[in-house]
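S.K.: Listed here are the chains, written in short residue letters.
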Amino acid sequence: MVTFKGQHILEVGQFDRDQLECVLSTADKMIPFAKRELKTRVLEGAILNNLFFEPSTRTRISFGSAFNLLGGQVRETTGLKSSSLAKGESIDDSAKVISGYSDIIVMRHPMSGSVSDFAKASRVPVINGGDGTNEHPSQALLDLYTMSKELKRFNRTLDNVKVAMVGDLANGRTVHSLSRLLALYKKIEFTFISPKELSMPINIIEFLIEKGHDVIETQSMEKGIKNVDIIYQTRIQEERFANQELANKFRGAYRINQFFYSQFCQPTTVIMHPLPRDSREEANELDVDLDKNPNLAIFRQADNGVLVRMALFALVLGVENQIEKDAKAVNWFVGKR
Amino acid sequence: MVTFKGQHILEVGQFDRDQLECVLSTADKMIPFAKRELKTRVLEGAILNNLFFEPSTRTRISFGSAFNLLGGQVRETTGLKSSSLAKGESIDDSAKVISGYSDIIVMRHPMSGSVSDFAKASRVPVINGGDGTNEHPSQALLDLYTMSKELKRFNRTLDNVKVAMVGDLANGRTVHSLSRLLALYKKIEFTFISPKELSMPINIIEFLIEKGHDVIETQSMEKGIKNVDIIYQTRIQEERFANQELANKFRGAYRINQFFYSQFCQPTTVIMHPLPRDSREEANELDVDLDKNPNLAIFRQADNGVLVRMALFALVLGVENQIEKDAKAVNWFVGKR
Amino acid sequence: MVTFKGQHILEVGQFDRDQLECVLSTADKMIPFAKRELKTRVLEGAILNNLFFEPSTRTRISFGSAFNLLGGQVRETTGLKSSSLAKGESIDDSAKVISGYSDIIVMRHPMSGSVSDFAKASRVPVINGGDGTNEHPSQALLDLYTMSKELKRFNRTLDNVKVAMVGDLANGRTVHSLSRLLALYKKIEFTFISPKELSMPINIIEFLIEKGHDVIETQSMEKGIKNVDIIYQTRIQEERFANQELANKFRGAYRINQFFYSQFCQPTTVIMHPLPRDSREEANELDVDLDKNPNLAIFRQADNGVLVRMALFALVLGVENQIEKDAKAVNWFVGKR
Numbered sequence: 030m031v032t033f034k035g036q037h038i039l040e041v042g043q044f045d046r047d048q049l050e051c052v053l054s055t056a057d058k059m060i061p062f063a064k065r066e067l068k069t070r071v072l073e074g075a076i077l078n079n080l081f082f083e084p085s086t087r088t089r090i091s092f093g094s095a096f097n098l099l100g101g102q103v104r105e106t107t108g109l110k111s112s113s114l115a116k117g118e119s120i121d122d123s124a125k126v127i128s129g130y131s132d133i134i135v136m137r138h139p140m141s142g143s144v145s146d147f148a149k150a151s152r153v154p155v156i157n158g159g160d161g162t163n164e165h166p167s168q169a170l171l172d173l174y175t176m177s178k179e180l181k182r183f184n185r186t187l188d189n190v191k192v193a194m195v196g197d198l199a200n201g202r203t204v205h206s207l208s209r210l211l212a213l214y215k216k217i218e219f220t221f222i223s224p225k226e227l228s229m230p231i232n233i234i235e236f237l238i239e240k241g242h243d244v245i246e247t248q249s250m251e252k253g254i255k256n257v258d259i260i261y262q263t264r265i266q267e268e269r270f271a272n273q274e275l276a277n278k279f280r281g282a283y284r285i286n287q288f289f290y291s292q293f294c295q296p297t298t299v300i301m302h303p304l305p306r307d308s309r310e311e312a313n314e315l316d317v318d319l320d321k322n323p324n325l326a327i328f329r330q331a332d333n334g335v336l337v338r339m340a341l342f343a344l345v346l347g348v349e350n351q352i353e354k355d356a357k358a359v360n361w362f363v364g365k366r
Numbered sequence: 030m031v032t033f034k035g036q037h038i039l040e041v042g043q044f045d046r047d048q049l050e051c052v053l054s055t056a057d058k059m060i061p062f063a064k065r066e067l068k069t070r071v072l073e074g075a076i077l078n079n080l081f082f083e084p085s086t087r088t089r090i091s092f093g094s095a096f097n098l099l100g101g102q103v104r105e106t107t108g109l110k111s112s113s114l115a116k117g118e119s120i121d122d123s124a125k126v127i128s129g130y131s132d133i134i135v136m137r138h139p140m141s142g143s144v145s146d147f148a149k150a151s152r153v154p155v156i157n158g159g160d161g162t163n164e165h166p167s168q169a170l171l172d173l174y175t176m177s178k179e180l181k182r183f184n185r186t187l188d189n190v191k192v193a194m195v196g197d198l199a200n201g202r203t204v205h206s207l208s209r210l211l212a213l214y215k216k217i218e219f220t221f222i223s224p225k226e227l228s229m230p231i232n233i234i235e236f237l238i239e240k241g242h243d244v245i246e247t248q249s250m251e252k253g254i255k256n257v258d259i260i261y262q263t264r265i266q267e268e269r270f271a272n273q274e275l276a277n278k279f280r281g282a283y284r285i286n287q288f289f290y291s292q293f294c295q296p297t298t299v300i301m302h303p304l305p306r307d308s309r310e311e312a313n314e315l316d317v318d319l320d321k322n323p324n325l326a327i328f329r330q331a332d333n334g335v336l337v338r339m340a341l342f343a344l345v346l347g348v349e350n351q352i353e354k355d356a357k358a359v360n361w362f363v364g365k366r
Numbered sequence: 030m031v032t033f034k035g036q037h038i039l040e041v042g043q044f045d046r047d048q049l050e051c052v053l054s055t056a057d058k059m060i061p062f063a064k065r066e067l068k069t070r071v072l073e074g075a076i077l078n079n080l081f082f083e084p085s086t087r088t089r090i091s092f093g094s095a096f097n098l099l100g101g102q103v104r105e106t107t108g109l110k111s112s113s114l115a116k117g118e119s120i121d122d123s124a125k126v127i128s129g130y131s132d133i134i135v136m137r138h139p140m141s142g143s144v145s146d147f148a149k150a151s152r153v154p155v156i157n158g159g160d161g162t163n164e165h166p167s168q169a170l171l172d173l174y175t176m177s178k179e180l181k182r183f184n185r186t187l188d189n190v191k192v193a194m195v196g197d198l199a200n201g202r203t204v205h206s207l208s209r210l211l212a213l214y215k216k217i218e219f220t221f222i223s224p225k226e227l228s229m230p231i232n233i234i235e236f237l238i239e240k241g242h243d244v245i246e247t248q249s250m251e252k253g254i255k256n257v258d259i260i261y262q263t264r265i266q267e268e269r270f271a272n273q274e275l276a277n278k279f280r281g282a283y284r285i286n287q288f289f290y291s292q293f294c295q296p297t298t299v300i301m302h303p304l305p306r307d308s309r310e311e312a313n314e315l316d317v318d319l320d321k322n323p324n325l326a327i328f329r330q331a332d333n334g335v336l337v338r339m340a341l342f343a344l345v346l347g348v349e350n351q352i353e354k355d356a357k358a359v360n361w362f363v364g365k366r
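Residue numbers (the numbering used here), protein chains in the order written: chain S, 30 to 366; chain C, 30 to 366; chain F, 30 to 366.
Treat the hints with care, since some could be wrong.
A pair counts as met if it fits within one copy or between any two copies, since identical chains are not told apart.
[Claimed, not checked] Calculated pairs, DSBU-like style, for lysine-lysine (alpha carbon to alpha carbon, straight line, at most 30 Å):
(1) 34 <-> 365
(2) 354 <-> 64
(3) 225 <-> 58
(4) 255 <-> 240
(5) 191 <-> 125
(6) 357 <-> 68
(7) 225 <-> 365
(8) 149 <-> 225
(9) 278 <-> 365
(10) 354 <-> 365
Rather than coming from a laboratory, the hints here were simulated on the basis of the structure.
Chain S extracted, bound-state conformation:
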């Protein structure tokens, strides 16, 4: 039987297909709690230390709210300057000390590999909330979960799906991780759409082909998205670029609006995006006129983040089978979910 009890969640490479299915089905169990139909106190008394040494408002809140929804308490640290790491303390020491204050830790840090180093010395499970350009596994898992759910609307599964990934594929942590997860499914058709300068790293392409999947690379948006089931759009992560000029050059180059969608996409093509999307004039990756398109899944995707993070907490702390035990009806006003 699949178990995650006591394990760190550090990188997508640690998951096999059975484990993925377990995360996805556990996330499904969280729906009534995240929709505020039911509430649970299963983690009453447990403490999450949410360490965000690099800012990321939505990821931080999403993890914190997920833990609260399970009944646990959240202690939070934001910013790097004020931390002991800045006084010359090793990551090892930090981990030994902070893990003594926690039942579980989520850590985000600008330096690649720092979260794994931290996890090695920690006495409690650590979830990687993003370590520089390296990994952000909960994002990849929520993306995968969203794909699975969106396809279910059309009676499809992840096997044999056609996915286009668009934008800065060279620097995009999310598209790399998501590709590796999808590779565990059967016969995926990947279409990678980007300017040459920002194309998908060759090692990932080789990995996908070796696993038996199809890979198409193109610079043309129109051609690339024509037959796909899902478009995974990414923003130009300007902070990853060497200079502003380069960032500006590709800003909005691959934008999608409703007119474009009607003209070139399948009527059931799902649009995803890891968010935030840049909505400044001329900078849109996804125009707001898509917001009424029922296949724009970006906000469902953000909501799914809570489900997947609840699932990870429940699995790692080994309470996935206790959730429903003392569930109660929510007793306050709940709007549309």
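Knowing the structure of chain S, use the given hints to seat chains C and F on it.
M.R.: Only chains C and F this time, still in chain S's reference frame:
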């Protein structure tokens, strides 16, 4: 019957007199909980996202503590730089995403109108915690509640009350909002005391007169406060001024100390202030020698903030009639309240 | 009977020996809760306001987690700039207002004496979390608790113990406070090891001698640590120095590594350190090769901080005898503690 269930609290203009009375009487119900005689878990499992994109320590803590006192959990965000809004995300997108992590949201933001925009896209109720120079309704409500409570000590009600508002009436968000709320009561006498450069905006004066109230404007502190029931003193909001010179000019120009009070005020005149008061040498708006004056209501006013915010949370989430249900006696040491 | 109910915890000088024993034995009672064998809800509904006007990640988290472990809620403020104190509000006013939002307050502030001033005006108990170079009593208490526990492994008590304190003894708040606490025990032998420029203040040395203890001062590490039971190593608090040059001069001058330990220390000598230790190349105070030495107590010491802070909260809020009442077994995965 009055209900606030599922409503946003965005501006004082949304309240009629019945609704005000409902807020005030619900705040009264919160007294044993805020005084730590009783505790309640009525919002156990509910999540407040306390979004302070502009710093305001006391308002932030007051909202957070109020939610905790009802048994709920608080997730918090402070600062603007680290937020997704800084990456070009629209307020609309932020609201759609963050409302998926929340049962209710309090938002403070430096830009006028931003909280209403956010509320439009939010799937959960939003309380305006202050949007620039525009509105800060919970402050106005706690001011009104304080007036009502202080007058009750003298067997008075808000009807027919004489109120002096002092200081920077041109830029003071609190005095504008409070005036509009008081206008819903009967025959108020407003005395506005300020230098000409900082006088109450004409549209508010016209509004009050139109509603049948009396308005007196004066630059003289001695004359203005002579017969009033309540003095509402405000600090020079230096950050609102164009230059430091102007700020300095009016600093302390309308200060009150105990000697002044004894000489010119009625013996029952109540003194209020939205706080913080500037206690630096020569800058006092209210001298500390007033602290022993039983009619200095400023700290009761701050305490009332918790009551009013508890009331707003309870009303908006529709649990105002469940509060006492499972109330228990507080089991730890409680000092003087 | 010893009671702390409703008292502030401001400085080590407030404790007599009976009170110390009470803190230490209450800390012992917290072990099953901190080790996550049991959980308690004894402070369910209580609110800690954790005010860190000076950054200190580990102390902040340690206090917050300790309060959560007792079932209470934590509101948190970090940084000085955003606080009302920066707008000219007096400490007195801040205390009156914030204590209305709290059941207990922990405050850290860069200015000596500020926490006592705050406590005077507060309506709820205040624990000093460090006020500049002045006091940090919970650190001294956890240090004392750690010494007591480590000595117990060798069937020893604090009476007659030989302690070496090493490093910046002139500016080190922790060594001053710890010395004063140890002075309440019988016949302690203090060895103070430091460069002349950073030697222990004469008033503390005189105080210890007056209380009947032995004091040895030396600049030689080898001689000083030869016969001691406990070495209390401190880091060079660079931020306390007038200039970087002076800081650099003494950096690493008194470092200990395993080779040094084997050569010069007793086989049972315990090594302590308030942490964080500087682990940068050439800057170590305690080399990482000591991490496998069973007498390196630094991480147990950090863990003990949670126990002692839980004890302080329980004692000050008068719930120390209610803790076990409704204790339950922890129902989630717990790793090695």
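S.K.: Are the hints correct? Go through all of them and say.
M.R.: These are the hints, each one checked on the structure:
Only between protomers do residue 34 and residue 365 lie at most 30 Å apart by alpha-carbon distance; the minimum there is 13 Å, versus 34 Å within a single protomer. Taking CA atoms no more than 30 Å apart as the test, residue 354 paired with residue 64 passes in both settings, with 18 Å inside one copy and 25 Å between copies. In this assembly of identical chains, residue 225 and residue 58 lie within 30 Å of each other by CA distance neither inside one copy nor across copies; the values are 42 Å within and 64 Å between. For the identical chains of this complex, residue 255 and residue 240 are intra-copy neighbours only, at 24 Å inside a copy versus 64 Å across copies, given an alpha-carbon limit of 30 Å.
With identical chains, the CA atoms of residue 191 and residue 125 are at most 30 Å apart between copies only, with a shortest distance of 28 Å across copies and 45 Å within one. Proximity of residue 357 to residue 68 under the C-alpha cut-off of 30 Å is found in both arrangements, the shortest distances being 5 Å within a copy and 20 Å between copies. For a Cα distance limit of 30 Å, the shortest separation of residue 225 from residue 365 qualifies neither inside one copy, at 43 Å, nor across copies, at 50 Å. Taking the closest pair of Cα atoms, residue 149 and residue 225 never come within 30 Å of each other, the shortest separation being 38 Å inside a single copy and 41 Å across copies.
Taking the closest pair of Cα atoms, residue 278 and residue 365 never come within 30 Å of each other, the shortest separation being 40 Å inside a single copy and 52 Å across copies. Proximity of residue 354 to residue 365 under the C-alpha cut-off of 30 Å is found in both arrangements, the shortest distances being 26 Å within a copy and 27 Å between copies.
Hint compliance for this structure: hints 3, 7, 8, 9 are not met, and every other hint is.
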